[in-house]
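Engineer: Sequence:
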Amino acid sequence: MLVFSTLSFWLREAGIDRTAIGYFSWIALAYAFKWVWSPLVDRMSLPILSRLLGRRRSWMLLAQVLLVIAITGMALSDPLEDLNHLVIFALMVAFASATQDIVIDAFRIESAPEGMQAALAAAYQVGYRSAMIMATAGALTIAAWVEPSDSGYHLASWQLAYSVMAGLMFIGILTTLFSKEPQVDTKSVDTAEAELKAKLAHQYPKAIAGLFSWVYTASVLPFIDFFKRFGKSALLILLLISCYRISDIVMGIMANVFYVDMGFAKDEIAYISKIYGLIMTLVGAAFGGVLLARFGTLKILFLGALLVALTNLLFAWQAVVGYHVPMLTAVISVDNFSAGIATAAFIAYLSSLTSSGYSATQYALLSSIMLLFPKFIAGFSGAYVDNFGYVNFFIGASLIGFPVLILIMLVAKYTPKASTTDTDSTAKSGVTET
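Under this note's numbering, the first residue of the sequence shown carries the number 1122, and numbering increases by one thereafter.
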């Protein structure tokens, strides 16, 4: 959120135009390309750190330390004097945050069996959404508290807010240090790498054979495994994943900009999000976890997509009404409740698609695909609002979410139930094919 909605608020209050803010959101595309370096996180051990903490926790700690440095860099920036300085550190935040996402998702999936993933998805959603509230409502509240007056733009208030956000990262660092490293059976993957290395050693020097076998095992086998388990329906699954959050993401980039243009103050938005938004998010995530256990993933996936698309129409209504605090409270509450259900279902669905031994790479690929297309479309949101207004924008953001419902029905009809324990046979077949 510190390179997404909160930053959009900061830039808009500083006087940066909406079109530029929309393009600025492309920084968050780093999350859509995290699959590129996810094999490193999945298979590479960090010197010293991995021996002390384990592979997952060592990468978590590295990402979190980089985040402290990068967020502090953003806090020391002035968008009016040197926008490039802010862009550089925002990119660093996005890269480090995306890396943290890769390893935490793998950590979560590997910490419990598949039967517990729905509960873990709900719990993960509670923590994740609470942190989002802190990085949005919390940052806005801090900026509002330290402003010398209620009018005008004050750089120091935003710099202090981002400094506090950097400090809060130490909660994550302490959690990483006190957490237990998950025990994962990577025997089949390690065996596949060793067999390929032995085979290539007859043709290439030992160092080259070892490098090639490592790269192939880390980068290629996870994708072979995925397509082998799901066959032709894999493309349908990827299409669904790439479109599932399009309505929510396209609307989200303009949400805080919309609040500013409607005349809402930072402390009003912070209060509404912090109290009502957070409560409804937690209720939605918990309710989503219960629904997942009762009705299964795809049905709740459908319900979540429908609710998210419909709630965008409420923002169109808000745009017609304008400044009205009670109405905005109701709109944000309903929107966050729907998002809690949808995201809990989506996390559980993505987790169910991964295999043991490849969880970081596969989940990173799937979650990256989730963001790539929506983030690209969202980059044009500012230009769209400038030309057609907020009412048409929110209606359009709602309508583009309805085709997702058709995709969910197609996936439910044509996708076979794949076992996530097929990794061993996939790894062996991958070596044989090589």
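Keep in mind the hints are simulated off the structure, nothing from the lab.
These figures come from a predicted structure and were not determined experimentally.
Idealized CB from N, CA, C, for every residue including glycine.
It is possible that some hints are incorrect.
What the hints assert, rightly or not - Result set (BS3-like, lysine-lysine): computed pairs, CA atoms no more than 27 Å apart in a straight line:
#	residue 1	residue 2
1	Lys1534	Lys1320
2	Lys1301	Lys1420
3	Lys1349	Lys1301
4	Lys1301	Lys1353
5	Lys1420	Lys1534
As the list claims (entries may be wrong) - Simulated DEER-style distance windows between Cβ atoms:
#	residue 1	residue 2	range
6	Val1441	Ala1386	18 to 26 Å
7	Met1383	Ser1473	16 to 24 Å
8	Ile1396	Asp1203	34 to 42 Å
9	Met1448	Ile1292	21 to 29 Å
10	Ile1292	Pro1537	52 to 60 Å
11	Pro1234	Asn1513	19 to 27 Å
12	Met1448	Ile1190	27 to 35 Å
13	Ala1233	Pro1537	19 to 27 Å
14	Tyr1144	Met1448	26 to 34 Å
Engineer: Does each hint fit the structure? Answer for all of them.
Structural biologist: Going down the list of hints, with the structure as the test:
1. Lys1534 - Lys1320: Violated - the C-alpha atoms of Lys1320 and Lys1534 are around 41 Å apart, more than 27 Å.
2. Lys1301 - Lys1420: At roughly 33 Å apart (the allowed maximum being 27 Å), Lys1420 and Lys1301 break the hint.
3. Lys1349 - Lys1301: violated, 32 Å
4. Lys1301 - Lys1353: Not satisfied, since the Cα-Cα distance of roughly 38 Å exceeds 27 Å.
5. Lys1420 - Lys1534: Holds - the C-alpha atoms of Lys1534 and Lys1420 are around 12 Å apart, at most 27 Å.
6. Val1441 - Ala1386: 18 to 26 Å: Holds: the Cβ-Cβ distance is about 21 Å, inside 18 to 26 Å.
7. Met1383 - Ser1473: 16 to 24 Å: At 40 Å between Cβs, range violated.
8. Ile1396 - Asp1203: 34 to 42 Å: Holds, at about 36 Å.
9. Met1448 - Ile1292: 21 to 29 Å: violated, 34 Å
10. Ile1292 - Pro1537: 52 to 60 Å: violated, 42 Å
11. Pro1234 - Asn1513: 19 to 27 Å: violated, 47 Å
12. Met1448 - Ile1190: 27 to 35 Å: Violated, since Met1448 and Ile1190 (Cβ atoms, about 41 Å apart) do not stay within the stated range.
13. Ala1233 - Pro1537: 19 to 27 Å: Roughly 24 Å apart at Cβ, these two residues keep to the hinted range, so it holds.
14. Tyr1144 - Met1448: 26 to 34 Å: holds, 31 Å
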